[in-house]
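Participant: Now for the letters of each chain:
2 protein chains.
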Amino acid sequence: MIKWGIVGAGNIAHSFSKDLALVRGGELVSVASRDLEKAKGFAAIYGAPNAYGSYEELFKSNTVDVVYIATPHTSHAELSIAAMNHGINVLCEKPIGVNKDQVKEMFQVARAQNVFLMEALWSRFNPTIKKVKEMVDDGSIGDIGYLHADFAFYALDRDEKGRLLNTSLAGGSLLDIGIYPIFLSYLLLGMPKDIKASAHFFKTGVEMQVSMIFSYEKAQAMLYSGLNSNSEMKAEIAGSKGSIYIHPRWHETTGYTLEVDGDSTVNEVGKLGKGYTHEIEEVHTCLNSGKKESSLWSHKNSLDLIEIMDTVRSKTGIVFPFE
Amino acid sequence: MIKWGIVGAGNIAHSFSKDLALVRGGELVSVASRDLEKAKGFAAIYGAPNAYGSYEELFKSNTVDVVYIATPHTSHAELSIAAMNHGINVLCEKPIGVNKDQVKEMFQVARAQNVFLMEALWSRFNPTIKKVKEMVDDGSIGDIGYLHADFAFYALDRDEKGRLLNTSLAGGSLLDIGIYPIFLSYLLLGMPKDIKASAHFFKTGVEMQVSMIFSYEKAQAMLYSGLNSNSEMKAEIAGSKGSIYIHPRWHETTGYTLEVDGDSTVNEVGKLGKGYTHEIEEVHTCLNSGKKESSLWSHKNSLDLIEIMDTVRSKTGIVFPFE
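Taken in order, these protein sequences are the chains called D and X. Take this note's numbering: the last position of the first sequence gets the number 323, and nothing is skipped along the way. Take this note's numbering: the last position of the second sequence gets the number 323, and nothing is skipped along the way.
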């Protein structure tokens, strides 16, 4: 039985813990929050025996095999490294770091400490996305010519000090949700040969929308993220022989539609729980077989992804005050 | 009764003539093709009394009030100008010219000859598009933040000498179908402040796909056209208060979905015939009231549109050998 610790007790920690309860072979053992009462309340809900009022206490507690880092972006690198330095395996929320320097250092520590480290890019393990990746790779829709994916929701009415609208917390759309369309294009088409991008900024200084064109040898991807309106979030992958539409919201989808020669087939693939289950299963599989990284979402994959995001940022002038 | 002539006897001339038969107040009187037998056959189908084996004969025939120019792009300017120089009003297929110099000259001739001239941007007169324009203008979905529209179909297996894949005929996706997404963005958001674009080219030298980012004061539009795969062709206009989805294929749509506060309403607006009817009605209204241009799709609108397309071409290296 793999013993899990949760670092941070916000919304995503709750969603993750609910899903963890659905997966065999793992159990939530310890919870840490900077607020001890919050940690205790969280632990009580999910039946975790241990609650801590600081992250360091959890790391020192010798109670867990692996921790899930569920804090804001800006603390991912520091807390992951702290956990690994205590010999703890880590699943860290996406983006695993806010820039490539951070991510490089994280993987260096993982190698030095000989622990497992993975970015919690949960969509990679979604059964529909896995199926779509297989279909694209085996040529089911021919040569890919066009990919369109977006992720946007209206958030400009939120707390300006909060995570999304605050530059000090690496706010804006790109790192939080733009990462998903970028991930999909990278997963299916690889590293782009050329990137064009434009961003608009909110009064707090965060980027509130970014449009991107990724050019490949024979294909183009149009990718978008935004906080100033919603988007449908149906992803489209179009090839010379047919198209795949990943049903909304595509990053947590339960199915896809395949269109070939004018025939349209709706496929319900399903998922377990909200879908964090599938990345949890991957962590279990890796830990049980002694693997230090996932072959489905490797260290290289995370490094490539942050490199692309760094490029988009440099082209659009997205900078954070702490860098 | 307004007497129509058709210049060219290809697919779109047929579609147009079928729709013309559905509209009151106009009738097809004359048909011209470089092939007299083709013109006669065409005229017979639609009950037109006159058929000509050259365009010039039709222009000289004194049989028509207005002609519809339905030939390939590269002859639009020349034939429209020839017709106008005979005092004939003109509805010219889109793009009205292949570059701004041509379009400017066409409108100069229209003014000099005091005749009506309009680009056949039929989507402008589609009842759903008109409704969407009104809703965007009256703030139904708040401030627009994001627009996504594409138009793509697989055509790389077509005749390489044909219109689409031949640089000498101004082939490629941009002028033929990219004009539609560009039109929608221009109609709803106006002239972009910045344009980023990337194109890929086919072995015949034509551009086979082009991705565009149009930046406005507070909004971005992601526009795409391509010949190397299909696209769904559902257009999305997203604002701070809600979203409008124009049903596929959006450029000839019969309805839209409005989404506000999580409530989704499907609206079937309908259209008459294939939809050329609505631009024909606009031509009739203008001619009957002595107007020399449409207020819904004015000379300025056509000049703006070709200016945008010229900009996209200059940014992506799309050039035609005859320029």
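There may be inaccurate statements among the hints.
The list treats identical chains as one, so a pair stands whether inside a single copy or across any two.
[Said to hold, decoys possible] Okay, derived cross-link-like pairs now, DSS-like style, lysine-lysine, Cα gap no bigger than 30 angstroms in a straight line: (1) K133 - K203; (2) K218 - K193; (3) K218 - K315; (4) K315 - K193.
Just so you know, these hints were derived from the structure itself, not from any lab. Since the structure is predicted, the reported quantities are computational estimates derived from the model, not experimental observations.
Participant: Each hint needs a verdict: does it hold in this structure or not?
Facilitator: Now the hints, each set against the structure:
{"no.": "1", "hint": "K133 - K203", "verdict": "between (39 angstroms within a copy, 28 angstroms between copies)"}
{"no.": "2", "hint": "K218 - K193", "verdict": "both (10 angstroms within a copy, 29 angstroms between copies)"}
{"no.": "3", "hint": "K218 - K315", "verdict": "both (23 angstroms within a copy, 19 angstroms between copies)"}
{"no.": "4", "hint": "K315 - K193", "verdict": "both (14 angstroms within a copy, 17 angstroms between copies)"}
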